[in-house]
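Heads up, the sequence shown stops at 1254 in our numbering, and the numbers go up one at a time, no gaps.
Simulated from the structure, these hints should not be mistaken for lab results.
From the three backbone atoms N, C-alpha and C, an ideal C-beta is built for every residue, glycine too.
It is possible that part of the hints are untrue.
[To be verified] Simulated DEER-style distance windows between Cβ atoms: (1) LYS1249 / GLU1196: 24 to 32 Å; (2) ARG1134 / GLU1196: 37 to 45 Å; (3) PHE1215 / PHE1109: 35 to 43 Å; (4) SER1201 / ASP1239: 51 to 59 Å; (5) ARG1204 / ALA1130: 43 to 51 Å; (6) GLU1140 / LYS1171: 48 to 56 Å; (7) GLU1162 / PRO1114: 57 to 65 Å; (8) ARG1134 / ASP1184: 42 to 50 Å; (9) LYS1192 / ALA1107: 32 to 40 Å; (10) ASP1184 / GLY1158: 47 to 55 Å; (11) LYS1182 / ALA1148: 43 to 51 Å; (12) ILE1104 / GLU1140: 17 to 25 Å.
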Amino acid sequence: MAGRRAAIKAIDWAAFAERVPPNQRAMFNALKTRSDALSARLAALPEKPPAIDWAYYKATVAKAGMVDEFQKKFSALKVPEPVDTQTAKIDAQEQEAAKSSAEYVQASKARIAQYEQHLQKFRSMIPFEQMTHEDLHEAFPETRLDKEKYPYWPHKPIADL
1094 MAGRRAAIKA
1104 IDWAAFAERV
1114 PPNQRAMFNA
1124 LKTRSDALSA
1134 RLAALPEKPP
1144 AIDWAYYKAT
1154 VAKAGMVDEF
1164 QKKFSALKVP
1174 EPVDTQTAKI
1184 DAQEQEAAKS
1194 SAEYVQASKA
1204 RIAQYEQHLQ
1214 KFRSMIPFEQ
1224 MTHEDLHEAF
1234 PETRLDKEKY
1244 PYWPHKPIAD
1254 L
C-alpha cells in the first residue's frame, strides 16, 4: 500500500484554489474536503492486509477440505492492477497545449506591439475637434474619396460599402 501511496501525486491545493472562480468556491471546498477524507482513510489502512488464520478456520469449519480449497483458490488469486494507458496521452496533450499557448502568447505580444503603435499614433494626432478634412484624410487615408476614379456618389466601389 505504501508503494501505491508514494505513486499518488500530491495536489497543490493553493495553486488550484487560485484558479477557482468565486461562484464555484463552494464546490471546490466540497471537493477538497472529500479528497482530504479519502486521503485520511487511505492513510489509516495498514500497508498489508492482515493474514488469514487458516488453521482457525480448519478447526472451526465442519466440512473437511472446504478450507483447503478456499486457501488454494485464495493463494492462486491474483488481482490485476490496471495499466496506466492515459498518462502518455495526457502528457502529449499538455505539451501540445503548452506549445499552442506559447504561440498564442507570442502572437499576442506582436498584436500588443502593433496596438501600441496605433495608440502612439492616436496620442500624437491633433484632437478630432480641431481637424480639417485634409488633416483627417492625412491621418486616415482610407477616408479619402476617389472622385476621379468613382465620379458618382458614394465615390467608392459598391463592394467596399
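Quiz item: Which hint numbers doesn't this structure obey?
Solution: 1, 4, 6, 8, 9
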